[in-house]
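J.: Since the structure of chain F is provided, determine the placement of chain P on it from the hints.
Chains as they are written, first to last, in numbering that gives the first Met the number 0: chain F, 0 to 241; chain P, 0 to 243.
Don't take every hint at face value.
[Said to hold, decoys possible] Which bits of chain F does chain P cover? Going by a derived footprint, with three or more residues having C-beta under 8 Å, they are: (1) 25-31; (2) 192-206.
[As the list claims (entries may be wrong)] Stretch by stretch, here's where chain F covers chain P in the computed footprint (C-beta under 8 Å, at least three residues): (3) 121-135; (4) 143-154.
In short, the hints are calculated from the structure, not lab data. Source: prediction; values computed, not measured. Backbone N, C-alpha and C define an ideal beta-carbon position, used for all residues, glycine too.
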Amino acid sequence: MSQTSTSPGAASLSLGRLDPRIKIFLFAAFSLAVAVTPVSGERRFAAYFLFLLAIAALSRQSLARSIKQMALLFPFLLGLGLTIFLFGRETPAQKLNLFLTLGIKTFLILLALQLFLLTTEFYRLLKALESLRVPSLAVAIVSFAHRYLFLFREEVGRLMKAKESRTFGRKKLHREITIVSHLVPAIATRSLQRSERIYAAMLSRGYDGKTIRTLDVLKLRKEDILVGCLATFLLAVIIIVF
Amino acid sequence: MKELSFTYPDQTCALRGVSFSVYRGETLAIIGPNGAGKSTLLLHLNGVLRGPGRVEVLSESVSRKSLRQIRSKVGLVFHDPDDQLFMPTIFDDVAFGLVQQERPVDEILERVMRILRALGLEGLERRSAAHLSLGEKKKAALATVLVLEPEILVLDEPASGLDPGTRRTLIGLLKKFSMTKIIASHDLDLVAEIASRVILMDAGQVIAEGNPEAILGNQDLLEGHRLEVPLSVVLRKALKNIPL
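Chain F on its own, in the form it takes in the complex (with noise of 0.2 Å):
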């Protein structure tokens, strides 16, 4: 139980402490530049990810590994690599230029969300989005995932064991997708039913049924502004010099 919440340790990082809604907006920022880049601007993509490998590096995150993270990624990148080369009027050359480009876009823009993410502790998240006016049901939606998700992934793994605990012999595909499709109205219904006894909790502490307000805790200090302009500085630099 050493962890607070699901960003391990983001507490006591340095960048931890910034306000989130002053990472939100460098993040928007960042993932704008990188989007605007043309496809010819390879020094300019190799300053930006030593710009994030800064950031790790201040945060004390290990880059390698929020890379290898994003292994899970990769897949889908190669899906976006085969539209390219399958659609288009493009030379192969050109849109294998494109895939590149794209690719290491993707990354970047990826690999900075991992870094805020690690660096942000979710129930700030969570209050940087509703002091940004995001619609309460958005964050309250967000909040319930998060917050049921575990509850959620050990119900399954429980009905899962329960099968496992009373399956003989050896295992036949067909048999396992009957299983598993019983399975899924069952955990519907646990779903149905908790979702059912949480909103009656709600009501009996006063929830009026329409917005679930939240104590706002989030105070923007001088040095939150002073980082947030001094990161906005680096990234203008990086645009205009490379």
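T.: Same frame as chain F, now just chain P:
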């Protein structure tokens, strides 16, 4: 509560004409086998469920109009703390009711921290309930209603699933609270220790009502309703019979 009945949409009849009174400051235990209607009954106490019949809380009838006021007076702690702890952090969960009441920020901060300290949960305020032990979750769920300073505390199976040490801590805490308490439980030893009156329910009806000695010592009555005399009562009787 007078002639209260309730049927779920799937036609399961959970309550059949239940009537009883609760007196200020007492600890009323509601016992009964699975499916007796205990949890359904508790949900009527602050208007989460409403069925035909009359429920009056602190001289006020439970109705759509009075819900807000009644819910601020009746604190309901659910059986499964994961149902009660739905916010991203323990702090937000404990503050939830006060924020809904639109209390001043300073007051919310002070009351939340005070209750967390009192229940030994200080330092966990930024954690997600997903990372707490069952004992911590149960205490946090209790904190979410105690912070509202309810006049009536309603608990559904407060000690189920707890290890003996945490159960003992919880019993100690419950004994300390001076407000009116209504506890639904299968843990008859806990009931014997803290209840001042006991109601036995089965099949949605009140079967018997009386002081803990009379109800919990009645073997035929309990066994007739899929319960058994708690060990603490058996031991007490046995010790009385041993000549000194």
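J.: All the hints need checking, so say for each whether the structure fits it.
T.: Comparing the hints with the structure gives:
1. Judged by the Cβ-Cβ criterion of 8 Å, the region 25-31 of chain F is not covered by chain P as claimed, because only 0 of its residues qualify and three are needed.
2. Coverage of the region 192-206 of chain F by chain P holds [criterion: at least 3 residues with CB-CB distance below 8 Å; count 11].
3. Coverage of the region 121-135 of chain P by chain F holds [criterion: at least 3 residues with CB-CB distance below 8 Å; count 8].
4. Coverage of the region 143-154 of chain P by chain F holds [criterion: at least 3 residues with CB-CB distance below 8 Å; count 3].
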